[in-house]
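Respectively, the protein sequence lines represent chains A and B.
Counted from 1, the first sequence has number 514 at position 514 by our numbering; the numbering is strictly sequential.
Counted from 1, the second sequence has number 683 at position 56 by our numbering; the numbering is strictly sequential.
Just so you know, these hints were derived from the structure itself, not from any lab.
Please note that a few of the clues may not be correct.
Keeping only pairs whose Cα atoms sit at most 20 angstroms apart, straight-line, the calculated EDC-like set for lysine to aspartate or glutamate is [said to hold, decoys possible]: (1) A:Lys255 with A:Glu267; (2) A:Lys356 with A:Asp381; (3) A:Lys80 with B:Glu773; (4) A:Lys310 with A:Asp285; (5) A:Lys80 with B:Asp774; (6) A:Lys283 with A:Glu230; (7) A:Lys80 with B:Asp705; (8) A:Lys80 with B:Glu683; (9) A:Lys495 with A:Glu183; (10) A:Lys352 with A:Glu183; (11) B:Lys727 with B:Glu683; (12) A:Lys395 with A:Glu563.
Partial pick of chain A residues on the chain B-facing surface, computed with a CB cut under 10 angstroms [claimed, not checked]: (13) Trp78; (14) His82; (15) Pro257.
Glycine included, each C-beta is placed from N, C-alpha and C at the ideal position.
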Amino acid sequence: MLPDQDNPGNATRAVSYDVPCPRPSEFPFDTSLVELSPAVDIYSSGANVALNRWPNIECQRVDAGLAVWTVPSWKPGWPKVHTVGLAFPEAIEFLPPEKPKDDEKLETIRPKKKKTDSDSVDENAVRRPTRLQPPSDALSLEDRLFYILQPPLETMLAGQELIMPFEPFPHQYEGIGWLFSQENALLADEMGLGKTMQMITAVRLLLRGGQIRRILLVCPKPLIPNWQREFRAWAEELPVVTVEGDTARRNLIWKMPGVPILMTNYEVMVRDMEAMPEAERPKFDLVVLDEAQRIKNRDSKTAVVTRDLKRKRSWCLTGTPIENRPEELVSLFEFMEVVNARATPDLRQLSKLADKYILRRTKDIAMKDMPPKLDRDAYLDLSPAQKYAYTVAEKEGVVQLNDMGDQVTVQHVFELVLRLKQITNFDPLTNESSKLDRLIADMEEVAASGGKAILFSQWTKVLDWLAVRLQQFNPLVYHGGVPTKKREPILAEFKEDPSKHIILMSYGTGAVGLNLQFAGYVFLFDRWWNPAVEDQAINRAHRIGQTSTVIVTRFICNDTIEERIDAVLQHKRAIFDSVLGDGDVEDASRSLNAAEIFGLFDLKAKHGKGTKKIAPKVVKDASSDAA
Amino acid sequence: MASGSKEHKEQIRLGFMTAVEIGDRNYVGGLLVTDRFGRPLEFQCTTPVKPNRTQELLYGPTLVPFILGDLLAKALLDRVSVKPSLIMTSRVEILQLRTKVAIPIIYDEASAESGSKPAQSNSSQSVGQEIRFGRQTFRMHEDFTEDQSAVERISQQLSDDANMHEPLERVGEALRETMSTVTARPRVA
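Starting from the given sequences, assemble the full structure and let the hints guide the process.
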C-alpha cells in the first residue's frame, strides 16, 4: 500500500473504485448491521517517520531474450556521374563561355519571317535528310561520334555561307556525305552524274570543318579550264591556284603558303615532283585525282610519282574505274593505300574492296527523272565499193599475217584491224560511205528540228573528211589538232550559234569532261575499242542539265570487224560487272587484249607440214595503248 | 548583314539534351551543343547510372525524374565547356533541371511522343505553356513563364523552318553508338 500524499500519517484512505456497485437490496446480507468506518488506533512505534520517506528503487536490466536490430542507414547519396566529351574545332570560337545573362542583350538581327505555309514545311518533312555515317574504318568512339553528330547535309548546306548554284540531287547529297567521311575513296559515278560538284562540295565542307587545309587536284590538262569553271560555280569563295608557268614560277606556287587548293595536270605534277628534292616536296591533307584511270598502270611513272605524294587523304574520281582489266583497280587502290604495295588481290578481294571504297551510281538508278537515252544502233550494209575494198583488204591482210608465221605480233594484227575499220567508214578510192549516207539523212532531220548533234570518230582524218561533206550543217571540228586556245571558243560557238548543227569530235579530245548537254543527238561514227570511252563520249550530252531525250546512234557495219569487236566486248561485260556490282550496268569498260585481237581472225602459221595457232608474243595490252 | 549583328549571331548556342534507358534500367544522358546552323560544337554524354533496389523503393515514382533531371542533366551541364543559351529536350523529366539552372529549357513533346516517352510521372506536372521554336512547338516549364521572351529572342535568329527534332535524334544515336562501343569493349581488369 502506498501512503496517502495528503495525509501521510494516516495509513487508511478512502478508495473509490469505479466499478458498478450492487444496490443494498441486492446484497446477500444485511449491511445495515455492519459499521463501515471502524476506528483504527495507531500506536507510536518509532517507525512512523519512515512512512514519510520514498522507498529506494533500483532498476536492473533484465534480458528478455529478444534481439533488437537497427535498420541499415541510407542517405540519398549517388555516385558521381562521369561524362565523356567531344569538342569540335568550331567550339574554339565559343570559348570562354559567356554568362547566360548576356544572351538577353542579343539584338534582333533579322526580322522574323512570316511563317511559311504548311505545304513547304511538309515538303521538307517528307524528304529524308542525308545523314553522315562514320566510315567503316573509323574505330575510335571519338571518330565515330564526330560523324554521327554532324547535321544532315541538307542542313549543313542550307547555311547562308554556302551558296550553291542549285539544289543538289539526292544522289549528290549522298555522294558528298560519303566523300566527306572517307579518307580513301573512289567516286566512280557514271559520267554526267556530277562527280565534280560532289567533290568540290565535299572539299568545301571539309575546309569549313577545319579537317583539311591544303588540297591538290590533279587532272588531265584539257580539263583544267573545266575545273576552274566548276570551282567558280560551286565554291566561289575558295581560292584555287593552278600550277602553271615556267619552272621558277611553278616552284613558287608549290611552296606558296596559305593556298587551300592547288590544281595541276598529271604531266606537270610528275615533272615538278621528280625535280624537287624529297624533303622540299609539299604536303597535302587531300590529293584528288580526276580521271584517275590515268594511273591504272601501277608501274608507270605517273602512278609511281602520284603514290609518293605526301598526303593524308586520297580520293580518285573516274567514270571508268576499269578500262581494260579488273587489275587496273589495284593501282588505284594502291594509291588510296587500301592495299599493300605490289598486292595482287583476286576478283573476290577486289569486289570486297570495291564495296568498301568505291561509290558508283548509274543514271538508271540515280537519275530516274533524267530524260532517257535512246540507243538507236544503226546496222548498215557496206556500199558495193566499200564491200569490195573491205573483202580484198581482209583477205590480203590475213594471208599476209599467216605468211609471217611466228614473227607476227599483235601490232601487225592491230594494223589490219585499223585498216578494216577505216574502210567501214569510207572507201578511200571512191569516197563511198554507207555511214555518211545515213548520217546525212539523220542530220537533215536534226537540223530541221533545230537540234544539235555531236559526232565522234577515232580518226581526226575522218573528222576532216566528214567536215567537207557536211557543210550544209555548218560543222565545227574539235580534236587534238585544234590548238588548246581555240577549243573553248569552238564549244561556245557550238552552244550559241543556232546554225551550227553538228560538232565533230575525236574520242581522245572530246570524250572527257565536257558539258554539252544542250545537244540531243550523239553519233558514234566508228566503234571505239573500249565501250567506257564510248560511254564517256555519249555522256557529254546525256548528263545533268539535259532536258530532252538523247538519241545515240552507233554505226555498225554488218559482216565486218565492227560486229566481231562488239561481240567480244559484250562477252567481257559480265566479268567486269562482277567487280563493280550489279548496279553497274553502264560501265562496260572493257577493251580488247592482245589475245582477243588475235582471236578476231583465225590466224594460223605453217608448222612443218601442218599449221599451228599463232599466239601473241607481246603480252602488253596494245589495245589499251591505242585507247 | 551588319558586322555587329553577325558577332551576336555567332554567339547562339543551342543545347540538345536527352536521356535513354539502355538495358535493365541503365540511364545515360547526352548533351549536344550546336551553333545556330546545327553544327556541333561540343558533345557530352554520361556513363550509365543504374539505381539499386533500395533507391527504386525509396524514390518511388520520383526515381526517373531524379536520375534524369537532377543527376544526369546537371552533370552534363556542369561538364560542358560551351554553355548553351537554351536547352531543348525530348524528356519531360529533364525539364525539371530548369529549377536549378538559369538557362531556359523547353520540352519537345512531339519528339517524346514519337520516341521513347517516359512513364507518366510527377514531372509532367511541370509542363507549362506551348511555344514555337524553329518549325516545332515546344513546352516550357510552368513555373518559368518568363523564359518565353528569351526563347523568342533566340528563335528570331533562327530560320523559321529550322528542324529542332533532328539534333535530338543525333544525340540519341550518339548515345546508342557510345553504349554499343562501351559494352563491346573488353573490360580491363
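Status of the hints after comparison with the structure:
About 18 angstroms separates the Cα atoms of lysine 255 of chain A and glutamate 267 of chain A, which keeps this hinted pair within 20 angstroms; it holds. With a CA separation close to 47 angstroms, the supplied pair lysine 356 of chain A and aspartate 381 of chain A exceeds the 20 angstroms bound. For the suggested pair lysine 80 of chain A and glutamate 773 of chain B, the alpha carbons sit about 32 angstroms apart, so the restraint of at most 20 angstroms is broken. Between lysine 310 of chain A and aspartate 285 of chain A the alpha-carbon distance is near 8 angstroms, which keeps this suggested pair within the 20 angstroms criterion.
The hinted pair formed by lysine 80 of chain A and aspartate 774 of chain B fails the criterion: a straight-line CA distance of about 30 angstroms is larger than 20 angstroms. Under the criterion of a C-alpha separation no larger than 20 angstroms, the hint pairing lysine 283 of chain A with glutamate 230 of chain A is inconsistent with the structure, at around 25 angstroms. As the CA atoms of lysine 80 of chain A and aspartate 705 of chain B are separated by approximately 12 angstroms, the hinted pair is consistent with the 20 angstroms bound. In summary, the hint linking lysine 80 of chain A to glutamate 683 of chain B is supported, as the alpha carbons are separated by about 18 angstroms, within the 20 angstroms threshold.
Under the criterion of a C-alpha separation no larger than 20 angstroms, the hint pairing lysine 495 of chain A with glutamate 183 of chain A is inconsistent with the structure, at around 39 angstroms. Pair hint lysine 352 of chain A plus glutamate 183 of chain A holds up; C-alpha atoms about 17 angstroms apart against a cutoff of 20 angstroms. Distance hint between lysine 727 of chain B and glutamate 683 of chain B is unfulfilled; the C-alpha atoms sit about 23 angstroms from each other, more than 20 angstroms. Note on lysine 395 of chain A and glutamate 563 of chain A: the hinted pairing holds, with a Cα-Cα distance of about 17 angstroms set against a maximum of 20 angstroms.
Against a cut-off of 10 angstroms between C-beta atoms, the interface hint on tryptophan 78 of chain A holds, since the closest Cβ of chain B lies about 6 angstroms away. Because the smallest distance between the Cβ of histidine 82 of chain A and any Cβ of chain B comes to about 4 angstroms, under 10 angstroms, the interface hint for this residue holds. With its C-beta approaching chain B no nearer than about 27 angstroms, proline 257 of chain A sits outside the 10 angstroms limit, and its interface hint is violated.
Taken one by one, the earlier hints fail for this structure at numbers 2, 3, 5, 6, 9, 11 and 15, listed in ascending order.
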